[in-house]
Amino acid sequence: MKYIILLVFIACITSIIVGYTIDVSYSQKLIGGGVLGLFFVFIPLFSYHRWKGRDIKDYMITKENLDKMRDNERRKK
5 MKYIILLVFI ACITSIIVGY TIDVSYSQKL IGGGVLGLFF VFIPLFSYHR
55 WKGRDIKDYM ITKENLDKMR DNERRKK
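Position one of the sequence shown corresponds to residue 5 (the numbering used here), numbered consecutively onward.
Hints are computed from structural coordinates only; laboratory data are not their basis. Some hints could be false.
Straight-line C-alpha distance at most 25 Å; calculated PhoX-like pairs for lysine-lysine [claimed, not checked]:
(1) K67 x K80
(2) K61 x K72
(3) K6 x K72
Quick list of simulated restraints, FRET-style, between CB atoms [said to hold, decoys possible]:
(4) S31 x K6: 25 to 33 Å
(5) L40 x Y7: 15 to 23 Å
(6) G36 x L11: 15 to 23 Å
(7) V45 x R78: 44 to 52 Å
Each residue gets a CB set at the ideal place from its N, CA and C atoms; glycine is no exception.
Could you build all of it, start to finish, from the sequences and the hints given here?
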């Protein structure tokens, strides 16, 4: 998975750089395709890869997590 993510990232960045450096009629399409690839392909793949196997409830603000944070603040003082 990490090689696919790396390949997509390199392809998107290359597309953006080539779009800026080469003066052809479709250079704006290269830049736009690179940006769309970053936002609609790379970022979701990267987010899925990094969050795989984690419990989302650990990162949500619930009553239990608020109580844990308050207890930690009391212990620090």
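Discussion item. Please list, smallest to largest, the hint numbers that this structure does not respect.
Written reply: 3
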